[in-house]
Amino acid sequence: MTAITSGERANSAGRRDRFIRALLYALLVIGAIMALLPMAWMVSASLMPAGEASSFPPRFFPTRVTFSHYVDLFTRLNLGRYLLNSAFVAFVVTLSSLVINSMAGYAFAKLRFRGRDRLFRALSTGLVLPVQVAMLPLFLLLKNLGMINTYWGVIIPGLASIFGIFLVRQYALAIPDEMLDAARVDGASEFRIFRSIVVPGIVPILATLAIWTFLATWNDFMWPLIVLSDESRYTLPVALANLAGEHVQDTELMMAGSVITVVPVMLVFLFLQRYYIQGVMAGSVKG
Amino acid sequence: MGREGEVVSELIPAFERQNPGIRVQVQQIPWSAAHEKLLTAYVGEATPDIAMLGNTWVPEFVALDALEPLDARVARSSDVVRSDYFPGIWSTNVVEGITYAVPWYVDTRVLFYRTDLLAKAGYDRMPSTWAEWRTAMVRLKSGMSARQYPLLIPITEWPPPVILGLQAGSTLLRDNGTYGAFSQPQFKKAFDFYIGLYRDGLAPALSGSEISNLYQEFERGNIAMYISGPWQIGEFTNRLPKSLQDKWMTAPLPGIDGPGVSLAGGASLSLFRRSTNKEQAWKLMEYLSRPEIQLQFYKLTGDLPARRSTWRDSSLAGNRHTRAFREQLDRVVPTPLVPEWEQIATKVFEHGEQAIRGRKSVEKALAALDSDVDGILKKRRWLMEKQKAGSR
Amino acid sequence: MATATAGRLRIPSEANTAAWFFLAPALALIGIFFFLPVAAAMLLSLTDFDLYGIANPGNTRFVGFENYSRLLRTPDFWLALRNTFYFAFVGGPLTIAVSLGAALLLSSKLVRFKGVFRTIYFTPFVTTLVAVAIVWRYLYHSRYGFFNYALSYFGVGPIDWLGDPHWAMPAIILMAVWKSFGYNMLIFIAGLQAIPEELYDAAAIDGASPFRRFWSITLPMLSPTLVFVTVITMIGYFQLFAEPYVMTQGGPLRSTTSVVLLMYEEGFRWWRMGYAAAIAFVLFIVILLATLVQFRLQKERA
Numbered sequence: 000m001t002a003i004t005s006g007e008r009a010n011s012a013g014r015r016d017r018f019i020r021a022l023l024y025a026l027l028v029i030g031a032i033m034a035l036l037p038m039a040w041m042v043s044a045s046l047m048p049a050g051e052a053s054s055f056p057p058r059f060f061p062t063r064v065t066f067s068h069y070v071d072l073f074t075r076l077n078l079g080r081y082l083l084n085s086a087f088v089a090f091v092v093t094l095s096s097l098v099i100n101s102m103a104g105y106a107f108a109k110l111r112f113r114g115r116d117r118l119f120r121a122l123s124t125g126l127v128l129p130v131q132v133a134m135l136p137l138f139l140l141l142k143n144l145g146m147i148n149t150y151w152g153v154i155i156p157g158l159a160s161i162f163g164i165f166l167v168r169q170y171a172l173a174i175p176d177e178m179l180d181a182a183r184v185d186g187a188s189e190f191r192i193f194r195s196i197v198v199p200g201i202v203p204i205l206a207t208l209a210i211w212t213f214l215a216t217w218n219d220f221m222w223p224l225i226v227l228s229d230e231s232r233y234t235l236p237v238a239l240a241n242l243a244g245e246h247v248q249d250t251e252l253m254m255a256g257s258v259i260t261v262v263p264v265m266l267v268f269l270f271l272q273r274y275y276i277q278g279v280m281a282g283s284v285k286g
Numbered sequence: 000m001g002r003e004g005e006v007v008s009e010l011i012p013a014f015e016r017q018n019p020g021i022r023v024q025v026q027q028i029p030w031s032a033a034h035e036k037l038l039t040a041y042v043g044e045a046t047p048d049i050a051m052l053g054n055t056w057v058p059e060f061v062a063l064d065a066l067e068p069l070d071a072r073v074a075r076s077s078d079v080v081r082s083d084y085f086p087g088i089w090s091t092n093v094v095e096g097i098t099y100a101v102p103w104y105v106d107t108r109v110l111f112y113r114t115d116l117l118a119k120a121g122y123d124r125m126p127s128t129w130a131e132w133r134t135a136m137v138r139l140k141s142g143m144s145a146r147q148y149p150l151l152i153p154i155t156e157w158p159p160p161v162i163l164g165l166q167a168g169s170t171l172l173r174d175n176g177t178y179g180a181f182s183q184p185q186f187k188k189a190f191d192f193y194i195g196l197y198r199d200g201l202a203p204a205l206s207g208s209e210i211s212n213l214y215q216e217f218e219r220g221n222i223a224m225y226i227s228g229p230w231q232i233g234e235f236t237n238r239l240p241k242s243l244q245d246k247w248m249t250a251p252l253p254g255i256d257g258p259g260v261s262l263a264g265g266a267s268l269s270l271f272r273r274s275t276n277k278e279q280a281w282k283l284m285e286y287l288s289r290p291e292i293q294l295q296f297y298k299l300t301g302d303l304p305a306r307r308s309t310w311r312d313s314s315l316a317g318n319r320h321t322r323a324f325r326e327q328l329d330r331v332v333p334t335p336l337v338p339e340w341e342q343i344a345t346k347v348f349e350h351g352e353q354a355i356r357g358r359k360s361v362e363k364a365l366a367a368l369d370s371d372v373d374g375i376l377k378k379r380r381w382l383m384e385k386q387k388a389g390s391r
Numbered sequence: 000m001a002t003a004t005a006g007r008l009r010i011p012s013e014a015n016t017a018a019w020f021f022l023a024p025a026l027a028l029i030g031i032f033f034f035l036p037v038a039a040a041m042l043l044s045l046t047d048f049d050l051y052g053i054a055n056p057g058n059t060r061f062v063g064f065e066n067y068s069r070l071l072r073t074p075d076f077w078l079a080l081r082n083t084f085y086f087a088f089v090g091g092p093l094t095i096a097v098s099l100g101a102a103l104l105l106s107s108k109l110v111r112f113k114g115v116f117r118t119i120y121f122t123p124f125v126t127t128l129v130a131v132a133i134v135w136r137y138l139y140h141s142r143y144g145f146f147n148y149a150l151s152y153f154g155v156g157p158i159d160w161l162g163d164p165h166w167a168m169p170a171i172i173l174m175a176v177w178k179s180f181g182y183n184m185l186i187f188i189a190g191l192q193a194i195p196e197e198l199y200d201a202a203a204i205d206g207a208s209p210f211r212r213f214w215s216i217t218l219p220m221l222s223p224t225l226v227f228v229t230v231i232t233m234i235g236y237f238q239l240f241a242e243p244y245v246m247t248q249g250g251p252l253r254s255t256t257s258v259v260l261l262m263y264e265e266g267f268r269w270w271r272m273g274y275a276a277a278i279a280f281v282l283f284i285v286i287l288l289a290t291l292v293q294f295r296l297q298k299e300r301a
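Sequence lines, in order, name chains A, B and C. Residues in the first sequence are numbered from 0 upward in steps of one, following numbering that gives the first Met the number 0. Residues in the second sequence are numbered from 0 upward in steps of one, following numbering that gives the first Met the number 0. Residues in the third sequence are numbered from 0 upward in steps of one, following numbering that gives the first Met the number 0.
Think of the hints as simulated: they come from the structure by calculation, not from any bench. Computed from a predicted structure; not experimentally measured. Certain hints may be false.
Claimed, not checked - In silico DSS-like links for lysine-lysine, alpha-carbon gap of 25 Å or less: (1) B:K277 to B:K140; (2) B:K277 to A:K142; (3) B:K119 to B:K241; (4) A:K142 to B:K378.
What the hints assert, rightly or not - Ranges between beta-carbon positions, derived for each pair: (5) C:A149 to B:R272: 53 to 63 Å; (6) B:R380 to A:R113: 50 to 60 Å; (7) B:G207 to A:N77: 16 to 26 Å; (8) A:S123 to C:L42: 16 to 26 Å; (9) A:L269 to B:K119: 50 to 60 Å.
Where a beta carbon is used, it is the ideal one built from N, C-alpha and C, also for glycine.
Chain A on its own, in the form it takes in the complex (with noise of 0.2 Å):
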């Protein structure tokens, strides 16, 4: 039995570790490639002149850079109107989606009231409803509101969510009771409170809220495509799947509207990530 240095010892666990680091690295990368690369062919298919993308064999990288495609976009097939739209009603769900389920959220988690709890569960099983159930239904009472094809008939169904106003509540169940009674002792009416006391408690989970809701309206599909009809008024996931179904011919054309229907809502995830991501994290911590 020779003696085995500890120096020895070191050694071959040191090499054994970076072996495994470079194989670690390597999935990684492999795994990012993949994640890119569709993103990435969209980008250069979309800069490619026109019939290139149905090259034989197929290429890569254009031979020759062209914005022409996202001229036509803005100019001849109108996708700044969409764009717009799509802009429009994801603020407008966003802010105020933000306001009602805060108050909701808060409501549930500190307010004491009657029957508070039984309440909140009997709202938390529509968690399981999907949303589809709802869809007949409600388009045929927006029709009876005269809603249908409008951008309210839009918003309104997503002004409301269940998960929103969980989020908000589990976050703000931590603020103090103390805080709160102590205010109330003083005086301050529930508003107040609300406005001074909560919110800039609850501001990382109401920027998650926010973000989220961002994305999930400007990427919503089918309710859209449902209640549109005037094409004017199509948000951008609805016009490009018009798009697609009216040029199926032009690829560079198409990819160019994935562009630009994809770059905002990247861009907005990329500088906000971290509350993102911590709100999805924060969704999962549940009982």
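Given the coordinates of chain A, assemble chains B and C onto it according to the supplied hints.
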């Protein structure tokens, strides 16, 4: 829809100049979504004043009581002269004796083909019978490689099998449009022919969305023949390279024993009942129906005018590609004028696909199709009985 | 702690009023625009409300459970159900496996730049589904698409991804895994972070191999997270709609028609709304059952 939507915007300024005080707003929808969208608009009570309707949709909108009857207006009009229209086409807009739409442009399906490839196979003109047509395709195929096909008929399109059925004398539906007639011998004969084209490698089993670029395929000789409508004349002229322009041509469809019938298709202008601008809207419809405007529209879109007098113009009479259409338009038959037609048509190619891919035999596929169609028409049967019982 | 100074704690009835003020907008909206329609869907599914009915309500009949019995006798429905199950039960575990793998990779002590990779892996999730589906539709093209081109380097023949009934659903599953794995990955990362280091240290001292450590410590500790992830992934996947709508229109041979797509077609294309409501309700039952089953399984394991 389609290119027409883009072009109509160009015609509007002249109309607005002649009719100060009327402003027109044009909206475009792609054909694939138009049917859904117009119905959604109807349900949402957000219909336009005028809509371009595919003429197979007219019965549907009539059943919804969405369209304004036009006979009185037509009778009074000096612009819309009924006798000038192709009769087969006008009749597609008449439901139970009442006219609900004015034909705007006509559409029928003919063959587009590569003259040079057909010549290489030994034919200087397109055959006019099924048998000869098939032989031509077989000869074409023998000169082609594995991924090339003589005929392109996407499996997600209903016109090819339906046209073949009409050519074989099928009525598609029976008993006043309350039951399917797809299992009957006439349609079966046509369907056998249709399936045989795929089975024998004469047509590729591709869906509409899988053909990434039809024009490239045509140019490269991967396809020699394609059944399509008038709009393709413009597309072929613009998208195919100059070197190919004298190598393609159109021809009327072959029938069983001689030249065959085709679809009485096209689009019509219809006036919605809920419109609050009916007089102005009718003025626009009259304007668009004028022969000179129809010709202008034709020149911009390649859509064929519905008025026979316009065909005497040199731009049409002298155009070698439109000749096949003119000939075919004398031999057109409408599809059944029932509101459920759109859904029935979808079922035709869905069940067709089963047979094409060998999942079902022809008999089973047609039986299943009839069964589905009977189910779709169930409500119509009930309503017609109710009507007969006089409860309306 | 009431004191005899200017203010006091709210008495219960006042608290009630305030609470309702805070709750009213949300509850009204959710009640009217969600719960009410869901209840109405049940009623709607018992009628034959359709286009004729929209034109004239007198054309509608109350038909009891006939829509459901017709549904159960329609091959298209069973096909849609089977397709949806195929998607959920193959795509689901696949997505979870990939996200767990990515989470493990990103939790390794040997790796730096975690944040960068995490962002990259999460990017597909935030993209708009329709835009991405269009891109993948072109990537899947049998001749001009990149996937077949790459496969050709391995000598694998061109696959007709979206045109072959056997490959269409796998194609959609692949895209769904790519798009969704980032989300579950984050949840797993959070779950992994919650596992105390001491457990691993103790096991290392005992001489357990990495594999053994994973099996006996990581997996059991992750079990609640696994159940949570499985449930939400499944619920999401049962609602498959946009991918087949954009990429295959439910074909080829209806092999990618999902239950929701079927509901959309029947309800919003053919306007047979009573029938479509029945389809929607069946979807609800299926999701409910699947969720309950999963919870029951987790209770048994714990």
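Hint check results:
1. B:K277 to B:K140: violated (55 Å)
2. B:K277 to A:K142: Measuring from Cα to Cα gives roughly 23 Å; hence the hint holds.
3. B:K119 to B:K241: This hinted pair holds, its Cα atoms lying about 21 Å apart.
4. A:K142 to B:K378: holds (23 Å)
5. C:A149 to B:R272: 53 to 63 Å: With Cβ atoms ~56 Å apart, the hint holds.
6. B:R380 to A:R113: 50 to 60 Å: Cβ of R380 (chain B) to Cβ of R113 (chain A): about 56 Å, so the range 50 to 60 Å holds.
7. B:G207 to A:N77: 16 to 26 Å: holds (25 Å)
8. A:S123 to C:L42: 16 to 26 Å: For L42 (chain C) against S123 (chain A), whose Cβ atoms are near 24 Å apart, the range 16 to 26 Å holds.
9. A:L269 to B:K119: 50 to 60 Å: Given about 57 Å between the Cβ atoms, the range holds.
In the structure shown, a violation is registered for the earlier hint numbered 1 alone.
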